[in-house]
Amino acid sequence: ETGVTQTPRHLVMGMTNKKSLKCEQHLGHNAMYWYKQSAKKPLELMFVYNFKEQTENNSVPSRFSPECPNSSHLFLHLHTLQPEDSALYLCASSQQGSQERIKLSSYGYTFGSGTRLTVV
Amino acid sequence: AQSVTQLDSHVSVSEGTPVLLRCNYSSSYSPSLFWYVQHPNKGLQLLLKYTSAATLVKGINGFEAEFKKSETSFHLTKPSAHMSDAAEYFCVVTNYGQNFVFGPGTRLSVLP
Chain B
1 ETGVTQTPRH
11 LVMGMTNKKS
21 LKCEQHLGHN
31 AMYWYKQSAK
41 KPLELMFVYN
51 FKEQTENNSV
61 PSRFSPECPN
71 SSHLFLHLHT
81 LQPEDSALYL
91 CASSQQGSQE
101 RIKLSSYGYT
111 FGSGTRLTVV
Chain U
1 AQSVTQLDSH
11 VSVSEGTPVL
21 LRCNYSSSYS
31 PSLFWYVQHP
41 NKGLQLLLKY
51 TSAATLVKGI
61 NGFEAEFKKS
71 ETSFHLTKPS
81 AHMSDAAEYF
91 CVVTNYGQNF
101 VFGPGTRLSV
111 LP
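Protein chains in written order, with the numbering used here: chain B, 1 to 120; chain U, 1 to 112.
Honestly, the hints are just simulated from the structure, not real lab data.
You may find that some hints are simply not true.
Listed below are the simulated DSS-like cross-link pairs for lysine-lysine, each with C-alpha atoms no more than 27 Å apart in a straight line [said to hold, decoys possible]:
id, chain 1, residue 1, chain 2, residue 2
1, U, Lys42, B, Lys19
2, B, Lys41, U, Lys42
3, B, Lys36, U, Lys42
4, B, Lys18, B, Lys41
5, U, Lys58, U, Lys42
6, B, Lys36, B, Lys18
7, B, Lys40, U, Lys42
8, B, Lys40, B, Lys22
9, B, Lys52, B, Lys18
10, U, Lys69, U, Lys58
11, B, Lys41, B, Lys19
12, B, Lys52, B, Lys40
13, B, Lys36, B, Lys19
14, B, Lys22, U, Lys42
15, U, Lys58, U, Lys68
16, B, Lys19, B, Lys40
17, B, Lys52, B, Lys36
18, U, Lys42, B, Lys18
Note that the structure is a prediction, hence the values are computed from the model and not measured.
Pulled out of the complex, with its shape left as it was, chain U reads as follows (with noise of 0.2 Å):
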C-alpha cells in the first residue's frame, strides 16, 4: 500500500524568501513521485516529478525536489517565493503508473 503525508495543511512565506513544501511517502515498490500545482478555479499543473534518475529534480518556475529514500522524504523547494505561487501544492506517489495516491495539498501563501 502507498500512501502520502503533506506535514503542513498551510505554509504562508514572504515574497523573495525560500519556500519549503514537506512530503513524506510510504511505499512498497521503488515509487514514482510528483508535485502537481493547482491555482484558484483551474486544475491540476504538474511541476515536477522523480521517476528513478537523479535524486534531485529540477521542476517549472524555479522549483525543485529531492527524493531522499533513507527519510522516505520529496519536499518541494524554491529558493525565493513569487507572488504568483500562490497556490495549492499535491504530492502524488505511484509505482509504475498504478494507483496514484494523491496528498491532502498544501497551500502556500505569499505575503507582499
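Excised from the complex, chain B in its bound form (with noise of 0.2 Å):
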C-alpha cells in the first residue's frame, strides 16, 4: 500500500448509470489529483484540489463532476458516461508549497492503483 487508498479497483457501468470513484490519503498531503489514463495516450491530469479548493479544471466534461470533502478524501461522481471515457482513473496527493516551506524530501506525487472503468 503506498498511502494512497482507491476504490473500486474495477468498475463496468452503463452509460446511463452514477457511481462515483473514492480517494482517501493518510500521508498529511494537502494536493490531491485525479488523472485519466487511456490506452496509448499520456496521462491526462483532470482536477486539482490544494487545501479542498479546486484549483485545475483541465476542461474536463461536466459528466465528471469532483467533490472534495476534506484534506484527505477525494471523489469523482460519474454521470452518462461515453464509452471513450473507459480508462485507468489514477488519484495522487502530494504536498505542494514553496522551498521554504516543505522539506524537499515531501515532493513527489503518491499514486493510488487506480480504478479500472469501463462504460458499456
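Assembling the complex is the task here: the two chains are given apart, and the hints tell you how they should meet.
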C-alpha cells in the first residue's frame, strides 16, 4: 500500500448509470489530483485540489464531477458517461508549497492503484 | 514553463543486459525530477527522485539516475535487466511541488 487508497479497483457501468470513485490519503498531504490514463495516450490531468479548493480543471466534461470534502478524501462522481471514458483513473496526492516551507524530501506524487473503469 | 521529453517510446533489452531510459527536461527554476514505474493494470510507483542534493540518485530495484544540469538530462539506468522490470516508465519534473509535468512514458520490454 502506498498510503493512497482508491476504491473500487474495477468498475463496469452503463451509460445511464451514476457512480462514484473514491480516493483516500493519510499522508498529511495538502493536494490531491485526478488523472485519466487511456490506452496509448499520455497521462491526462483532470482536476487538482489544494486545501480542499479546486485549483485546476483541465476542460473536463461536466459528466465528471469532483468533490473534495476534506484534505484526505477526494471523489469523482460519474454520470452519463460515454464508452470513450473507459480508462484507468488514478488519484494522487502531494505536498505543495514553496521550498522554504516544505522539506525537499516531501516532493513528489504518491499514487493510488487506480480504478479501471469500463463504460458499456 | 516546464517540459519533459522521453526520447524513446519503447525500449527492448535482453534479460541481464543494461537498461538506459532517456529523459530530458526544461525548467525555468531549479527542478525536482522523478522517475515513476507503472506495471500493467497498476498505479504509478515512485522509483527515485532528485531534489537538489546528490546528483547521482539511487532508487528501488537497482535503478539509478544521474542529474546532469549541463545536459538538462535525468536518464534512468540499471546494470542488469530483470524480467520483472518490464513496465512503463515516466519521467516527471516539478518546481517546489507545483505543476508536475509528466513525460509521455517509455515502455520497457525485457526479452528472455
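Evaluation of the provided hints:
| no. | hint | in the structure |
| --- | --- | --- |
| 1 | U:Lys42 to B:Lys19 | 21 Å, holds |
| 2 | B:Lys41 to U:Lys42 | 16 Å, holds |
| 3 | B:Lys36 to U:Lys42 | 13 Å, holds |
| 4 | B:Lys18 to B:Lys41 | 26 Å, holds |
| 5 | U:Lys58 to U:Lys42 | 23 Å, holds |
| 6 | B:Lys36 to B:Lys18 | 18 Å, holds |
| 7 | B:Lys40 to U:Lys42 | 15 Å, holds |
| 8 | B:Lys40 to B:Lys22 | 25 Å, holds |
| 9 | B:Lys52 to B:Lys18 | 23 Å, holds |
| 10 | U:Lys69 to U:Lys58 | 17 Å, holds |
| 11 | B:Lys41 to B:Lys19 | 24 Å, holds |
| 12 | B:Lys52 to B:Lys40 | 31 Å, violated |
| 13 | B:Lys36 to B:Lys19 | 16 Å, holds |
| 14 | B:Lys22 to U:Lys42 | 16 Å, holds |
| 15 | U:Lys58 to U:Lys68 | 15 Å, holds |
| 16 | B:Lys19 to B:Lys40 | 25 Å, holds |
| 17 | B:Lys52 to B:Lys36 | 20 Å, holds |
| 18 | U:Lys42 to B:Lys18 | 24 Å, holds |
In summary, the structure is inconsistent with hint 12 from the numbered list given earlier, while agreeing with all the others.
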